[in-house]
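S.K.: The sequence shown runs 1 to 247 under the numbering used here.
Hints are not guaranteed to be accurate.
EDC-like mimics (lysine to aspartate or glutamate), calculated; alpha carbons at most 20 Å apart, straight line [what the hints assert, rightly or not]:
#	residue 1	residue 2
1	K109	D241
2	K89	D241
3	K205	E130
Because the hints were derived from the structure by calculation, they are not lab data.
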Amino acid sequence: SLMGHQAGWADAGHMPGLVPQPVPGSLSSPPFSFQQSNGFHFCGGSLINQNWVVTAAHCQVRAGTHFAILGEYDRSSGSEPVQVKSIAKAITHPYWNANTMNNDITLLKLASPAQLGARVSPVCLATASESLPANPTCITTGWGRTSGTASGGAVWLQQVALPLVTVSQCQQYWGSRITSSMICAGGAGASSCQGDSGGPLVYLKGGAWTLIGIVSWGTSNCNVRAPAVYGRVSAFRTWIDSVLASN
Numbered sequence: 001s002l003m004g005h006q007a008g009w010a011d012a013g014h015m016p017g018l019v020p021q022p023v024p025g026s027l028s029s030p031p032f033s034f035q036q037s038n039g040f041h042f043c044g045g046s047l048i049n050q051n052w053v054v055t056a057a058h059c060q061v062r063a064g065t066h067f068a069i070l071g072e073y074d075r076s077s078g079s080e081p082v083q084v085k086s087i088a089k090a091i092t093h094p095y096w097n098a099n100t101m102n103n104d105i106t107l108l109k110l111a112s113p114a115q116l117g118a119r120v121s122p123v124c125l126a127t128a129s130e131s132l133p134a135n136p137t138c139i140t141t142g143w144g145r146t147s148g149t150a151s152g153g154a155v156w157l158q159q160v161a162l163p164l165v166t167v168s169q170c171q172q173y174w175g176s177r178i179t180s181s182m183i184c185a186g187g188a189g190a191s192s193c194q195g196d197s198g199g200p201l202v203y204l205k206g207g208a209w210t211l212i213g214i215v216s217w218g219t220s221n222c223n224v225r226a227p228a229v230y231g232r233v234s235a236f237r238t239w240i241d242s243v244l245a246s247n
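Could you put together the complete structure from these sequences and hints?
M.R.: This is the structure we're talking about:
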């Protein structure tokens with residue numbers, strides 16, 4: 001959670017049967033949460049190694065101002081063994097465009113390495129040439145609103161299974177706003193809702209959760225018939241690798 005804080009992805013090998021509605025998160029380790037210093041959760045993210053988290057550029061996470069929270073599931077609990085991390089660097093994609101939402105990705109370097117374990121483990125990154133199966137079941141998670149009319153966020157981490165939507169199907173709904181740096185999912189009665197920005201879209205590959213999308217944008221009322229739009233991780237992989245190598 002980004003809190004100003006955010007949380008990281010677990011090896012979620014313990015995810016039970018999936019359902020098409022949000023269910024209290026059952027990941028062995030949840031995604032990142034970002035919070036502000038007052039503890040307000042404002043975005044999600046994904047831990048990609050001990051030192052780095054990936055989130056959305058539009059979350060505007062700032063080094064020295066915001067905190068990343070790892071290992072959180074119940075936001076009302078004061079007793080969970082969470083890790084609160086300061087952010088040393090925030091590096092946004094050089095071609096991020098807030099008007100078109102193109103290249104909606106920021107990499108965050110933690111001020112100290114995350115302690116990996118049962119509650120906190122990194123997600124695998126899609127390769128630059130990731131070829132997805134025909135109908136993968138994708139999962140998105142977060143503490144966002146559980147409906148378009150709910151106020152505030154969920155107390156427990158929610159997870160929802162979504163179908164992937166082809167670019168042409170997505171463009172039928174959103175038109176030319178869909179670019180090669182985006183991937184779409186949902187529109188089948190489930191959606192990622194506001195508050196989950198920056199969080200993960202993953203699918204299971206060879207027993208490991210692989211990050212293919214970063215929650216980016218969709219309808220303001222969380223219309224479950226409209227595909228939600230995610231940053232396409234495979235399109236950013238070369239840039240991600242170069243940033244990690246030089247920082």
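S.K.: Hints the structure violates: just list their numbers, smallest first.
M.R.: No hint contradicted; all consistent.
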